[in-house]
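Engineer: Throw the hints in and build the complete structure from the sequences for me.
Numbering-wise (my numbering), the sequence shown opens with residue 769 and increments by one.
Hints listed in this document are in silico derivations from the structure and should not be mistaken for laboratory results.
Ideal placement from N, C-alpha and C gives every residue a C-beta, glycine not left out.
Only true hints are included.
Quick list of in silico lysine to any residue cross-link-like pairs, SDA-like style, CA-CA up to 20 Å:
no.	residue 1	residue 2
1	861	871
2	861	818
3	861	880
4	861	778
5	861	795
6	861	817
7	861	875
8	861	872
9	861	796
10	861	819
11	861	821
12	861	935
13	861	851
14	861	850
15	861	849
16	861	881
17	861	815
18	861	814
19	861	878
20	861	816
21	861	882
22	861	823
23	861	811
24	861	937
25	861	936
26	861	879
27	861	820
28	861	794
29	861	847
30	861	822
31	861	797
Across the chosen pairs, the derived CB separations fall in these ranges:
no.	residue 1	residue 2	range
32	787	899	47 to 57 Å
33	880	855	12 to 22 Å
34	811	834	15 to 25 Å
35	779	901	28 to 38 Å
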Amino acid sequence: MVASLLGLAFSLEESNDPSETTAFAAGPFMLFRRRAYEAIGGHGAVAAEVVEDLALARAIKTSGHRLRYLIGTELVAVRMYRNLAALWEGWTKNWYLGLDRNPAAALGSAGLVLLLYTVPWALLPLTVMDPALAAPCGLAIALQLSLRVWSRLRFGTPITYWWLAALGGC
769 MVASLLGLAF SLEESNDPSE TTAFAAGPFM LFRRRAYEAI GGHGAVAAEV
819 VEDLALARAI KTSGHRLRYL IGTELVAVRM YRNLAALWEG WTKNWYLGLD
869 RNPAAALGSA GLVLLLYTVP WALLPLTVMD PALAAPCGLA IALQLSLRVW
919 SRLRFGTPIT YWWLAALGGC
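Structural biologist: Shown next, in the form of structure tokens:
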């Protein structure tokens with residue numbers, strides 16, 4: 769779910785375009801030319817940053833080096849979080865910091881994710897008592913599946929557990 773949202777939020781084309789200021793990177797697997805990595809000071813230069821992958825991407829781009837964000841799902845498999853505690857800690861931190869420490873943006877976007885991903889599934893049982901809820905719930909759930917299919921086609925994200933997005937929204 770978060771990978772799909774990141775795919776919508778950060779344009780790969782803009783991130784890869786030297787004339788654009790957008791810079792994005794995902795920490796599980798990053799490759800650098802030694803010369804560029806040393807020129808920006810490596811990880812030591814961003815040691816104070818919590819979201820160091822994004823800081824490295826910005827440093828590479830602002831220093832005039834070429835940044836290429838590529839989807840390599842057919843080349844390498846990575847695993848970000850191994851349990852619920854790590855998932856919670858990682859995404860709450862990255863969500864807030866990725867939104868430039870803006871509490872309103874973090875709470876607003878978290879509320880939007882809850883509304884878009886969790887509420888339709890939570891209201892689904894109520895469609896038995898109120899059939900008028902069936903169409904909006906069904907549409908919202910269909911949109912979730914559509915986003916996951918898009919993410920599968922664009923990034924190779926598996927769709928196996930797409931229906932667990934309701935839990936992810938929480």
